[in-house]
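Enquirer: Residues per chain, in single letters:
2 protein chains.
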Amino acid sequence: MKLSRLGEFGLINRVRRTIPPSRDVGLGIGDDAAWVRAKTDSFFVTADLLLEDVHFDLNWTSLSDLGYKTLAVNLSDIAAMGGVPAYLTLSLGIPRHFTSKKLDHFYHGIESLAVQHNVAVVGGDISVADKLLISACLIGHAPYRPIRRSGAKPRNDIYVTGTLGDSALGLHLLKSKMLRQRGAAYLLKRHHKPTPRLAIGALLARKGLATAMIDVSDGLLQDLGHICRASLIGARIWEEALPLSRAYRELAGNEGTRYALTGGEDYELLFCARQSDRQLIDQLQRRVKVPLTRIGACVPAKQGIYCLDRSGKPISVPVIGHDHFKSKTSDSND
Amino acid sequence: MKLSRLGEFGLINRVRRTIPPSRDVGLGIGDDAAWVRAKTDSFFVTADLLLEDVHFDLNWTSLSDLGYKTLAVNLSDIAAMGGVPAYLTLSLGIPRHFTSKKLDHFYHGIESLAVQHNVAVVGGDISVADKLLISACLIGHAPYRPIRRSGAKPRNDIYVTGTLGDSALGLHLLKSKMLRQRGAAYLLKRHHKPTPRLAIGALLARKGLATAMIDVSDGLLQDLGHICRASLIGARIWEEALPLSRAYRELAGNEGTRYALTGGEDYELLFCARQSDRQLIDQLQRRVKVPLTRIGACVPAKQGIYCLDRSGKPISVPVIGHDHFKSKTSDSND
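Chains as they are written, first to last, in this note's numbering: chain A, 187 to 520; chain B, 187 to 520.
These are calculated hints, taken from the structure and not from any lab test. Each hint should be verified, as a subset may be incorrect.
Copies of the same chain look alike in the list, so a pair counts if it works inside one copy or between any two.
Unchecked claim - No more than 30 Å apart at the CA atoms, straight line, and that leaves these computed lysine-lysine pairs for BS3-like:
#: 1; residue 1: K287; residue 2: K317
#: 2; residue 1: K475; residue 2: K361
#: 3; residue 1: K317; residue 2: K339
#: 4; residue 1: K475; residue 2: K317
#: 5; residue 1: K375; residue 2: K339
#: 6; residue 1: K488; residue 2: K361
#: 7; residue 1: K225; residue 2: K188
#: 8; residue 1: K361; residue 2: K287
Note that the coordinates shown come from a computational prediction; the quantities given were computed from them, not determined experimentally.
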């Protein structure tokens with residue numbers, strides 16, 4: 187059905203039916219504001235804006251994947267604080283030619299991940315717009331002291347969860363129409379449906395093991411830069427320690443570790459920890475079954491941020507962190 | 187300075203400097219998520235989307251007023267639940283040609299109202315966009331039991347705060363270039379800078395006096411319709427009881443009460459209360475110094491919603507409630 191037939195209130199009612207109620211929600215969609223439970227003395231709030239033709243291209247992503255990813259990127263921010271996600275508001279600007287079926291796909295994508303992490307969609311706003319726009323705000327409980335970006339110290343170890351570069355390489359293969367190669371589907375899935383690392387994020391906070399943490403959304407070096415600036419430290423990364431998936435190794439070709447170092451949207455957690463806690467972190471890894479790889483060390487600020495190759499020589503990497511306002515053409519993606 | 191020179195991170199730093207920190211915020215802008223205090227066992231969340239050329243036109247509003255109104259409409263939703271506003275996230279899509287000075291005006295508009303109501307801007311997102319877009323999410327504490335839309339009963343009284351129709355008439359005068367008339371400036375100010383009724387909203391919740399409440403954003407009859415549908419009741423309104431400002435009476439001309447009945451964006455509170463509480467509501471009114479006017483009564487659902495003129499005859503009002511998806515051309519406004 188065309189949205190112009192369904193109308194704004196019809197659409198809101200449809201959303202209410204699509205999204206199941208949650209026990210923690212006193213009052214969800216349909217009043218002036220949602221009314222929800224505060225389970226802890228403090229909570230987290232994060233917001234993300236996703237715009238068609240800036241952050242995503244509907245030629246390259248399905249609406250279901252887009253819904254999934256909208257929630258995933260916000261969950262990843264809560265994970266990077268050590269929080270427990272709870273409530274989502276979702277404001278949408280929708281082109282008039284959209285059908286309600288397309289919207290259903292989008293909401294099902296959201297819902298598939300929301301169910302896994304006990305997230306309730308509690309409200310939002312809907313308007314007509316020239317292009318699809320998605321604005322999400324996710325609230326999470328804070329049962330433990332937050333892990334900020336600013337607590338790392340020189341000589342701390344640097345770790346990352348999972349593998350790096352898969353998302354950016356997957357997007358590259360998609361854009362280059364090289365999806366038939368073995369492993370490409372895996373990489374593309376990592377791009378469209380990243381795994382927010384909530385369990386490990388919360389465990390690190392609970393045990394007080396991470397001195398600083400961030401999620402890798404802009405690219406490893408750029409996000410490491412955020413930690414370094416906030417913590418007033420430098421960092422060295424060992425190229426050969428970077429965790430790469432089998433598909434990445436097979437398909438990166440001449441690009442080597444470039445996507446792993448500078449590609450964005452992996453949504454893995456990057457964190458620093460005391461050397462004396464290495465054993466505890468090893469134990470943690472076995473418990474959550476997410477690979478944790480030690481990829482470098484914090485150094486004094488004046489030594490800067492660099493990556494060493496196998497022979498110990500700093501490698502030069504063009505830091506291609508994206509700035510929407512500075513670049514004329516967008517190389518961002520969904 | 188052009189935003190393309192300032193860049194995304196430069197812009198975020200500028201926002202951080204513009205917006206003063208708050209004591210209730212453990213961690214504001216600049217980490218993966220904000221970390222804020224939960225002062226009550228539950229809280230409210232509301233979200234609003236404001237799009238250029240759908241909800242506002244930069245030819246008719248200043249950026250400072252737009253900032254003020256962005257916060258005001260969200261505050262009004264919290265007021266309508268009986269809550270106490272606390273934390274705001276603000277996601278902006280900004281055209282590349284914008285200057286940082288324009289953004290400063292916008293943030294100052296937000297800030298002028300945020301300071302009055304102790305609201306802290308704790309996060310958000312920024313992106314380049316074709317047209318200006320504003321997506322806000324406001325979180326409020328819930329010290330009292332929320333006032334929902336659904337608790338009104340037949341024979342309850344119906345009240346409204348302040349005066350009705352000023353905002354829509356002000357917008358009409360602006361569009362018709364009739365601003366030179368006496369009183370027009372007052373009406374336009376009511377349109378651009380509505381007063382969210384937080385004190386009276388919270389008092390009604392604290393004293394348990396309102397059986398149902400909503401803020402008048404779509405227009406009196408349409409918003410009364412929301413209460414009636416949620417409460418399964420009907421309603422009668424007395425036309426001659428509608429509270430009209432002096433400027434409205436002088437300038438509405440042939441339109442009579444049309445703007446008061448169907449014009450949107452007054453952001454007054456519309457609520458229902460037991461007849462037995464009339465005296466308490468009178469006392470309340472004297473305390474908060476906001477006019478409260480009894481404008482009608484709740485009736486059984488089967489009697490519908492109607493407005494009676496002086497002679498007791500139902501008047502026919504075209505309900506012009508706006509639906510973005512159903513109307514081809516937008517008659518909405520900022």
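Enquirer: Which of the stated hints cannot be reconciled with the structure, identified by number in ascending sequence?
Expert: The structure breaks hints 2, 3, 4, 5, 6 and 7; every other hint is satisfied.
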